[in-house]
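There are 2 protein chains.
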Amino acid sequence: MEESLKPMDAEQLRENAHKMVDFIADYYKSIESFPVLSQVKPGYLRDLLPDSAPDHPESLEDVLEDIRQKIVPGVTHWQSPNYFAYYPSNSSVAGFLGEMISAGFNIVGFNWIASPAATELEVIVLDWLAKMLNLPNQFLSSGQGGGVIQGTASEANLVVLLAARDKFLNRFGKRSLEKLVVYASDQTHAAMKKACQIAGIYPENFRVLNADHTSNYALVPEALSDAISNDLSAGLIPFFLCATVGTTSSAAVDPLSELGKISKVNDMWFHVDAAYAGSACICPEYRHYIDGIEEAASFNMNAHKWFLTNFDCSLLWIKDRSALIQSLSTYPEYLKNKASQENSVVDFKDWQIPLGRRFRSLKLWMVLRLYGLENLQSYIRNHIKLAGQFEQLVCSDSRFEVVVPRTFSLVCFRLLPPPNHQDNGYKLNHSLLDAVNSSGKIFVSHTVLSGKYVIRFAVGAPLTEEEHIKQAWKVFQDQATILLAGSDGSDFGASNGDII
Amino acid sequence: MEESLKPMDAEQLRENAHKMVDFIADYYKSIESFPVLSQVKPGYLRDLLPDSAPDHPESLEDVLEDIRQKIVPGVTHWQSPNYFAYYPSNSSVAGFLGEMISAGFNIVGFNWIASPAATELEVIVLDWLAKMLNLPNQFLSSGQGGGVIQGTASEANLVVLLAARDKFLNRFGKRSLEKLVVYASDQTHAAMKKACQIAGIYPENFRVLNADHTSNYALVPEALSDAISNDLSAGLIPFFLCATVGTTSSAAVDPLSELGKISKVNDMWFHVDAAYAGSACICPEYRHYIDGIEEAASFNMNAHKWFLTNFDCSLLWIKDRSALIQSLSTYPEYLKNKASQENSVVDFKDWQIPLGRRFRSLKLWMVLRLYGLENLQSYIRNHIKLAGQFEQLVCSDSRFEVVVPRTFSLVCFRLLPPPNHQDNGYKLNHSLLDAVNSSGKIFVSHTVLSGKYVIRFAVGAPLTEEEHIKQAWKVFQDQATILLAGSDGSDFGASNGDII
Numbered sequence: 001m002e003e004s005l006k007p008m009d010a011e012q013l014r015e016n017a018h019k020m021v022d023f024i025a026d027y028y029k030s031i032e033s034f035p036v037l038s039q040v041k042p043g044y045l046r047d048l049l050p051d052s053a054p055d056h057p058e059s060l061e062d063v064l065e066d067i068r069q070k071i072v073p074g075v076t077h078w079q080s081p082n083y084f085a086y087y088p089s090n091s092s093v094a095g096f097l098g099e100m101i102s103a104g105f106n107i108v109g110f111n112w113i114a115s116p117a118a119t120e121l122e123v124i125v126l127d128w129l130a131k132m133l134n135l136p137n138q139f140l141s142s143g144q145g146g147g148v149i150q151g152t153a154s155e156a157n158l159v160v161l162l163a164a165r166d167k168f169l170n171r172f173g174k175r176s177l178e179k180l181v182v183y184a185s186d187q188t189h190a191a192m193k194k195a196c197q198i199a200g201i202y203p204e205n206f207r208v209l210n211a212d213h214t215s216n217y218a219l220v221p222e223a224l225s226d227a228i229s230n231d232l233s234a235g236l237i238p239f240f241l242c243a244t245v246g247t248t249s250s251a252a253v254d255p256l257s258e259l260g261k262i263s264k265v266n267d268m269w270f271h272v273d274a275a276y277a278g279s280a281c282i283c284p285e286y287r288h289y290i291d292g293i294e295e296a297a298s299f300n301m302n303a304h305k306w307f308l309t310n311f312d313c314s315l316l317w318i319k320d321r322s323a324l325i326q327s328l329s330t331y332p333e334y335l336k337n338k339a340s341q342e343n344s345v346v347d348f349k350d351w352q353i354p355l356g357r358r359f360r361s362l363k364l365w366m367v368l369r370l371y372g373l374e375n376l377q378s379y380i381r382n383h384i385k386l387a388g389q390f391e392q393l394v395c396s397d398s399r400f401e402v403v404v405p406r407t408f409s410l411v412c413f414r415l416l417p418p419p420n421h422q423d424n425g426y427k428l429n430h431s432l433l434d435a436v437n438s439s440g441k442i443f444v445s446h447t448v449l450s451g452k453y454v455i456r457f458a459v460g461a462p463l464t465e466e467e468h469i470k471q472a473w474k475v476f477q478d479q480a481t482i483l484l485a486g487s488d489g490s491d492f493g494a495s496n497g498d499i500i
Numbered sequence: 001m002e003e004s005l006k007p008m009d010a011e012q013l014r015e016n017a018h019k020m021v022d023f024i025a026d027y028y029k030s031i032e033s034f035p036v037l038s039q040v041k042p043g044y045l046r047d048l049l050p051d052s053a054p055d056h057p058e059s060l061e062d063v064l065e066d067i068r069q070k071i072v073p074g075v076t077h078w079q080s081p082n083y084f085a086y087y088p089s090n091s092s093v094a095g096f097l098g099e100m101i102s103a104g105f106n107i108v109g110f111n112w113i114a115s116p117a118a119t120e121l122e123v124i125v126l127d128w129l130a131k132m133l134n135l136p137n138q139f140l141s142s143g144q145g146g147g148v149i150q151g152t153a154s155e156a157n158l159v160v161l162l163a164a165r166d167k168f169l170n171r172f173g174k175r176s177l178e179k180l181v182v183y184a185s186d187q188t189h190a191a192m193k194k195a196c197q198i199a200g201i202y203p204e205n206f207r208v209l210n211a212d213h214t215s216n217y218a219l220v221p222e223a224l225s226d227a228i229s230n231d232l233s234a235g236l237i238p239f240f241l242c243a244t245v246g247t248t249s250s251a252a253v254d255p256l257s258e259l260g261k262i263s264k265v266n267d268m269w270f271h272v273d274a275a276y277a278g279s280a281c282i283c284p285e286y287r288h289y290i291d292g293i294e295e296a297a298s299f300n301m302n303a304h305k306w307f308l309t310n311f312d313c314s315l316l317w318i319k320d321r322s323a324l325i326q327s328l329s330t331y332p333e334y335l336k337n338k339a340s341q342e343n344s345v346v347d348f349k350d351w352q353i354p355l356g357r358r359f360r361s362l363k364l365w366m367v368l369r370l371y372g373l374e375n376l377q378s379y380i381r382n383h384i385k386l387a388g389q390f391e392q393l394v395c396s397d398s399r400f401e402v403v404v405p406r407t408f409s410l411v412c413f414r415l416l417p418p419p420n421h422q423d424n425g426y427k428l429n430h431s432l433l434d435a436v437n438s439s440g441k442i443f444v445s446h447t448v449l450s451g452k453y454v455i456r457f458a459v460g461a462p463l464t465e466e467e468h469i470k471q472a473w474k475v476f477q478d479q480a481t482i483l484l485a486g487s488d489g490s491d492f493g494a495s496n497g498d499i500i
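The listed protein sequences derive, respectively, from chains F and V.
Take the first sequence: its letters are residues 1 to 500, numbered as in UniProt numbering.
Take the second sequence: its letters are residues 1 to 500, numbered as in UniProt numbering.
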């Protein structure tokens, strides 16, 4: 090439980015035409792409055509209105615009000086959110605490676990690691177990407390107290409790007030993971689910789940930021600067695992400003209403049962097995899930609660409306009819078409 | 609000995103008009924004005006052609378009089924890059290894350290943690120390080996051998070595071949961190800097630094992927699916700290396709050439010295102190840095090498051309003239205006 590459020419950016805008807007217009769950087979893409990168430039048109023909079929459409799997991952116009401007600046805001606006906007917007959630003042930046954007709840859980671990190791000595005990229910997200693995907590000291149908899968305070007593008797050191508001399997809510008291008495770090359901707590009528947050040392909610902020944007608040900083700070010569040395600023690199960080507060700020609190509350309420409608539909068909009472926008249900069914409907519901997902019409996921195979129907995609709920229910009814007709109910093997 | 919110309406997205494209293109057109390093004071933004989120929606125009008036002054412009600080963080048209489409799909690709294309494109594109770098075949996905996109080099370093730690703990028992020793030079990035803190490596077992001017700040193999011998004699377990290709302070290159041999003899995990300089190794004439990579267990390079891929996009290759998976996998019921259970797919959640992950391979794929290998090589060569020109300018002015021989696109230099200067020019160069950065014309950073305060001039921003190099040098010369005239050189106090 004679002429040198101009990789960031403003007019090339303008021209090509306008094309990309139309491509993406067209994607959203046609999003219902794709199977929600990708139907490709493992390895499908290898045959469609060359073995090595090109030597010479290709055109944007060619790339966009490849995205249409080769990538989109391999995409599971999380933004489809017919997506009801896992928990949602909200995109929105505001969130998308925030991603654009963030990618436009493309700064790496590890410390204040690297872009003061990135740090300061994050501090301010996290304070805004804390107020919307009516969090205790200790979580605000004006005191000893504050909020920070992590990539994911996994990282939020990990950093507070590390802060707590190091606080206790400093007190009891490094070799006391083998005595440190973490408590959580068996409904707690797997991220907590992984955080323990990373932090080096002894696997036998990760206390997984049974939470079953008798408590609607919430952690039982007595079970916690008993476990702590046992561990203290054994000479161990209870140091960390993770409670959940809106568990992954069934949106169960652990009783924060009682758990908080137990943590306080035992001088433990009490972390509250409200990754999914935290968003609902901006509505006064749902705020009571985090009553008891006063005793928590840290609190997490994912704005990227059900709060219209594109992934990733996990919000963490902590009462004692110095604990995080003590655990996670480094300060090499090449990052020294006057603002940091005078302690007049926040350097978020010391609140997280990575050094580098994106300007993620922009998208959250834009969501809050372009929608406003009242719209956001309506958005949450509408999804909860739609989930209520779906629950009613399930209840109205005697072939099905709702497995746990619904709290937020998740409905856990199953097809009832015929009498004397061998595995209590496990394979039957597995087959129903496979059939529904293979149809491409909707995508749902599953869990197992007390041995029952349960279908999770999570409302929360930004485009979902009442008609999608009704259509989804019809897909379940139709597939159930086929399944029940095609078998005596005693042996529902997984069909060849099953993909999940 | 009567009508319900339509947060993801395709036409609203189209209309508003077109506006944002123009806003961003205009930003790039005017980027040279802003001070490169933000000149705001700590806390500046608090007074400019309200104390809480709005109840009602605001307009995009208002938000964009606020970005212009309130945010941009607090941005340090990493994409400015006059940005020479730290190492670069490249944006490009292709990278930006990749960010757009990734944010458009907004999938959370924790496992294969969550969007097969996200996983498969990542596997394929990392293979492409491995071939461009001529990495040993064991790093390709076809064998036992493979590549994965991490957020940052900090995370890349951490996950391989965890994999190594757990491998050794499995062999020697959990309580042997206190015996595990990590080796690196004192020029190694602070991320390694932080990774050790997180992984629970005993601080006294993080062996920081002196690397000074006698080896151009490269790790000396004999120093490593000696340290290992001592540790073995003391009953400790040497298990991890991190070597760097292109250190943060001075772009030093550790001698991989010799270090690799020592690692092999001692059965240690050998990690090579080429976060910055790895990009240069796509040019045949620079490939020799990673000769010896054959003995490495893992290798990292940041596509988001000097490879036109918007932040974040850190590439990690590993020879034995099962080591990562063993350390980082979780498999709760709610994520079980046929493809994962049949082991027919890659689930990248088990290769990283977080569960969720963005569709980052799209932007890397677009960079490779829209530019092609030859352009990317030219891009790297051009920056190295420009750095060479700057080095020549420094050498041509007898008031300055180049402190270490230049290898890639980083020039380390300083203003020579007058004879019998008290602190060997420390304050003098600190003052020069402050003066230059306060001018707003360019942004550079510093380090300290063997007690000398050194200015780091890192070429690598996508818009930087020859004229910017010349102008930058003039800024240094002018400020040096002022500084040297205004003082006898014995006491250069930090001025009030110093900001870094």
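Since the hints were derived computationally from the structure, they do not count as laboratory data.
Computed from a predicted model, the values in this text were never measured in an experiment.
Each residue gets a CB set at the ideal place from its N, CA and C atoms; glycine is no exception.
A few of these clues could be false.
Said to hold, decoys possible - Each pair of labels, with its calculated beta carbon distance range:
| id | chain 1 | residue 1 | chain 2 | residue 2 | range |
| --- | --- | --- | --- | --- | --- |
| 1 | F | 485 | V | 333 | 47 to 53 Å |
| 2 | F | 234 | V | 212 | 32 to 38 Å |
| 3 | F | 467 | V | 374 | 15 to 21 Å |
| 4 | V | 212 | F | 329 | 42 to 48 Å |
| 5 | V | 396 | F | 173 | 54 to 60 Å |
| 6 | F | 26 | V | 399 | 43 to 49 Å |
| 7 | F | 481 | V | 50 | 51 to 57 Å |
| 8 | V | 333 | F | 55 | 43 to 49 Å |
Going down the list of hints, with the structure as the test:
no. : hint                      : verdict
1   : F:485 - V:333: 47 to 53 Å : violated (29 Å)
2   : F:234 - V:212: 32 to 38 Å : violated (51 Å)
3   : F:467 - V:374: 15 to 21 Å : violated (52 Å)
4   : V:212 - F:329: 42 to 48 Å : violated (26 Å)
5   : V:396 - F:173: 54 to 60 Å : holds (58 Å)
6   : F:26 - V:399: 43 to 49 Å  : violated (60 Å)
7   : F:481 - V:50: 51 to 57 Å  : holds (55 Å)
8   : V:333 - F:55: 43 to 49 Å  : holds (47 Å)
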